[in-house]
Amino acid sequence: MPEGLSGQPLRRREDARFLTGAGRYTADLEAPGALHLHVLRSPHAHARVLGIETGAARTMPGVRLVLTGVDLADAGLGPLPCPAVVRTIGPLVVPDRHALARDRVRHVGEPVACVVAETSAEARDAAEAIEVSYDPLPAAVDGRAALAPGAPQVWMQAPGNQAFRFERGDRAAVEAGFACAAHVVSLDLVNQRVHAAPIEPRAAIGRHDAATDSFDLLLSGQSVHNIREQLAGPVLGVPADRVRLSCPDVGGGFGLKNFLFPEHVLVLHAARLLGRPVRWVADGSEEFQAAVHARDLQGTARLALDAEGRFLALHADMAADLGAYCSAFGPGVPTNSISNAMGTVYAVPAVLLEVRGAFTNTLPVDAYRGAGKPEANYMMERLVDAAARRCGFDPVALRRRNLVTAFPHRSAFGITMDSGGFAEALDAVEALADRAGFAARRAESEARGKLRGLGLACFLETARGAPGEWAAVRFADNGLVDLALGTQSNGQGHETSFAQVAADRLGLPFESFRLVQADTALVARGNGHGGARSLHMGGTALVLAIEAVLGRARRLAAHLLQAAPDDLAFAAGRFAVAGTERGVDLPALARAARDPANLPDGMAPGLDAEADNPSDLITFPSGAHVAEVEVDLDTGEVALVRYQAVDDYGNLVNPLLTEGQVQGGLAQGIGQALMERVVYDPDSGQLLSASPMDYALPRASDVPPLPVRFISVPTASNPLGVKGAGQAGAIAAPPTVMLAVLDALAPLGVSALDMPATPERIWKAIHEASGGGARPPA
Amino acid sequence: MNRFSYVRATDVAQAAREAGAPAAKIIAGGTNLVDLMKYDVERPGRLVDITRLPGLRAIEDAADGGLRIGALVTNTEVAYDRRVEARYPLLSSTILAGATPQLRNSATTGGNLLQRTRCYYFYDVGTPCNKREPGTGCPAIPGVNRIHAVLGASEHCIATHPSDMCVAMAALEAVVRVSGPGGERAIPFAEFHRLPGDAPERDTNLGRGEVVTAVELPARGFPAHYTYLKLRDRHSYAFALVSVAVGMEMDGGRIGEARFALGGVAHKPWRDPEAEAMLRGQAASRDLFERAAERTLRGAKGYGHNTFKIELARRAIVRALEQAAAGTPQSQVDKRIR
Ligand SMILES: Cc1cc2nc3c(=O)[nH]c(=O)nc-3n(C[C@H](O)[C@H](O)[C@H](O)COP(=O)(O)OP(=O)(O)OC[C@H]3O[C@@H](n4cnc5c(N)ncnc54)[C@H](O)[C@@H]3O)c2cc1C
Ligand code: SF4
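Those sequence lines, one after another, are chains C and Y. According to our numbering, the first sequence is numbered sequentially starting from 30. According to our numbering, the second sequence is numbered sequentially starting from 63.
Keep in mind that the hints were calculated from the coordinates and are not lab data. One thing to keep in mind: the hints can contain errors.
To be verified - Within a straight-line C-alpha distance of at most 20 Å, the following computed EDC-like cross-link-like pairs (lysine to aspartate or glutamate) qualify: (1) Y:100 / C:315; (2) Y:363 / C:789; (3) Y:397 / Y:384; (4) Y:100 / C:312; (5) Y:363 / Y:217; (6) Y:363 / C:797; (7) C:793 / C:217; (8) Y:100 / Y:111; (9) Y:397 / C:789.
Go ahead and model the full structure; you've got the sequences and the hints to work with.
Written out as structure tokens, the structure is:
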């Protein structure tokens, strides 16, 4: 890795813009002449739509258009596709999901009609005047319950509400492992339904140009090319090159903005019908009830160990709630994504994952920071901890005995891990945890009436997201250099980190780079943001594009300096003839390259180059974390009093940004462990946690300082030697925090507890463990 | 969107007159009402803005040694008023335990008294709710009711009153001053909020067209032995699952006057005179506090998800009484519970 800016903890270039309110988000953008779209949503979890009366709404002031599902059908719009490819046993049922419901609504918040008017208020008013007559039906609300006999049916074509059955692994080997095990632990686990809740709600501005019959969608999104792929052909029925998608600044996505949503279709279709731009901005509660939810996996996990504590086999049998429809990657998350990480950092010879996908009358579920990896890691760490506790192993020693230490390692599912510092991380975190001093800390807490617990967990991320990425380097007339990438930043700092990579390799000042992203007109292709992929997938593409630029530059320099290309040395942005003073700077070459007269025979003008990174290699970020909590016995309140991470992300281009990524993920993981849960009324399917007041996201006072120590084991799988850091925190924190809570409660006999560990649940767990008695002994 | 007209009242009489019209609603800080309007829970036809009414913005010393807080004084102004901090620290403490600084800057004393329940179903117009639409039923009783009442509820409604400030005012035995079509009257705090009974649509005993003009605090403020203990799902931006406000006077190790009120457990701040009487004249002890808690909760009833609150309330009462007796009130800055 070249010396220079890479590895420096530079502050983000974008900070000045964001911190001074100069960021520009979709809702901030002007669209002269734009109309406003408002979506009328289902108030029922499940109902037949008997009729929609729009006459009154159409005559209301300012109203330009009212659309229902029938109108979209007449216009020939296709259903939103589900591009997830999953090798299921038998078919994967993908029911048609139309931008507006047709004869039935299947979750609260499902779009039923929309109004386009001159102002947002007029659109809302008119939406109220639409009369929809519903015949309410019983609702299936919980994934596991929906798969049980007698549950209300969400889809005719999915009997028993089963969307798919998935199985991966060697059943015979797993059964053999359990048969000869000295110890078996089995846990019933719930990875609850959560909501990503980015601060910026979804928003979109649609335009249509009648002359060319082409569409333009400005949106708050994470992946313009993938969304276009789903939108253009399948829904609009036009070639992708007639649809342009672009994003201005995006205020967080966490997966949620990776998908095509009904509202995207609606603004474009309305713009086509009306010949004017049409804008839509979600309001807060619309995001809770009508974006996507995440996780929602429950079932049984089992681990077999021999007498010495070596892991023999792992088996998980899970129900995944998909919600009412298959969202874009919905079926892929609880299947493919989980299986990549099954067994996590441990050598487990035999693994079996069985998943049944369930339809319910709830909002669709899809990827959220970590997607599948949090589920696999939570499962594994809960099992390992339970095994240590029940079979009398030291939890750290048990982990150490089973860690993968020799690389490359091929997992039971045939995935090759090239590198990792699993044991180093565990050793380091154990030292930082001061386990020896824990007894004294516990006694000190007890003296104050608190139970103290220490949780230590390892984690493995399998980072990549979609394989393959594209980048280009373009020299502008004004001396600036555009770095165009097919990945996307939603605020994580790509303007800074990619400039660091390029500055070192091109020998040009950091300030000379501009990031070009999130625009299908300016970026040839790409897979956007998701799966902790940007630096290793996009960064590699960028390195390849830079190499191509330097190849062209070298050829031109050799021509201009009348030297052989191989005799030129490149350093600090300058090609020089070895052993002489003669040389030429890269900016001068870029200028010279514009004039064909300067070029050697057969060289096309310009130094610009682009490159595809064809890699589909996964990187394996990992680490070990420790948390300490105090549980107040009287109130069940959990205070997270200490947290420490020791993580491996390979080489760090910018440690400050990496740390920020990890800490942000940890805050979300702490939220999942202690507070967050999407709650539907189990009977009516009404969403009860539909606002930031009712859905408890952690706030500053809930999150302690989160120090991160890096151990860097570079990977050879990409030229930067980097591993994805974006999701790790959200993967590692839930098990770490929950194990600490369980450790605190262990003296009371509590071993079963699901996230979120709210005071209420802790109280119940204590109560149940003590056989319903009164105050447990302090 | 609900259409409404707007009038800015210039004196209390006009405000009362305007507020007396059937679909009219007073708006003060708007932090609760506007939210409810956005969710379509409240659909007023006319908003009567009282924020420019003269004479309702002051905190004044009263002749009897008490304090008179005008209805438009903001929660922030009350919490940081020197006299309130010195003489009624319990009141400051409850206010600072609630909402966020931004909200407290807008929220008014009158509005805080009249804020409405946080019952999920009440907020969701897709569901029935006796409080929102009388006679439609109460889905919280068989439903998700972890934030609901365990004391004084009825078969028609198990909602709680969400205010923190009111819990202190109940313990302080404040008096609510109102002005309306029938002139002025004073309502003792215990009679201001109602239990749901068979008319859960009525949160308070305020009559139509009556405007709250002030809250009067009697001289007794419990400046030395008090606490506000608020248990919630996270440390800010969350309502109480259970809260306890205590005001005590101590004479050596013996308790003199003692009051405590619970928040988050009933349709109004909950006091139990018998339980308070048990404390008076006694030496402070955990055993005594446990018995007082037991007494307070003797009629408590859980509805499933919220059953934990009974035990939680018992423990919270004991802890809060201990904090108050020891003169070590709960900090609202470092919100960790001691
Ligand atoms: C996100 C959030 C979190 C919150 N957290 C807490 C918390 O933790 N603890 C807590 O206690 N509170 C909390 N609150 C509630 C907050 O305290 C109240 O919204 C606020 O006190 C209401 O005051 P206001 O002046 O804004 O009332 P408004 O919203 O203007 O009015 C509320 C009601 O009072 C009526 N009203 C107002 N003034 C008068 C008057 N003088 N006479 C007669 N009627 C009147 C109005 O008609 C209306 O019905 C929270 C609010 C929000 C939005
Ligand atoms: S508890 Fe009261 S407010 Fe809640 S649903 Fe029942 S009636 Fe409505």
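Query raised in the report: Within 20 Å, alpha carbon to alpha carbon, are residue 363 of chain Y and residue 797 of chain C?
Result: holds, 19 Å
Query raised in the report: Does the alpha-carbon distance linking residue 100 of chain Y and residue 312 of chain C stay inside the 20 Å limit?
Result: Answer holds: residue 100 of chain Y to residue 312 of chain C is near 10 Å, not above 20 Å.
**Report entry** Pair hint residue 363 of chain Y and residue 789 of chain C, alpha-carbon separation not exceeding 20 Å
**Finding:** holds, 16 Å
Query raised in the report: Hey, residue 793 of chain C versus residue 217 of chain C, does the alpha-carbon distance stay inside 20 Å?
Result: holds, 17 Å
Report task. Starting from residue 397 of chain Y, check that the Cα of residue 384 of chain Y is at most 20 Å away, please. Result -> holds, 17 Å
Query raised in the report: Regarding the pair residue 100 of chain Y and residue 111 of chain Y, is the alpha-carbon distance no greater than 20 Å?
Result: Holds, at roughly 17 Å.
Query - Pairwise hint evaluation, residue 315 of chain C against residue 100 of chain Y, where the allowed Cα distance is 20 Å at most - result: Distance ~12 Å between residue 100 of chain Y and residue 315 of chain C Cα, so the pair holds.
Requested in this report: Please work out if residue 397 of chain Y and residue 789 of chain C have their alpha carbons no farther apart than 20 Å.
Outcome: holds, 19 Å
Query raised in the report: Keeping to a limit of 20 Å between CA atoms, is the pair of residue 363 of chain Y and residue 217 of chain Y held or broken?
Result: holds, 12 Å
Checked against the numbered hints listed earlier, the structure breaks none of them; every hint is satisfied.
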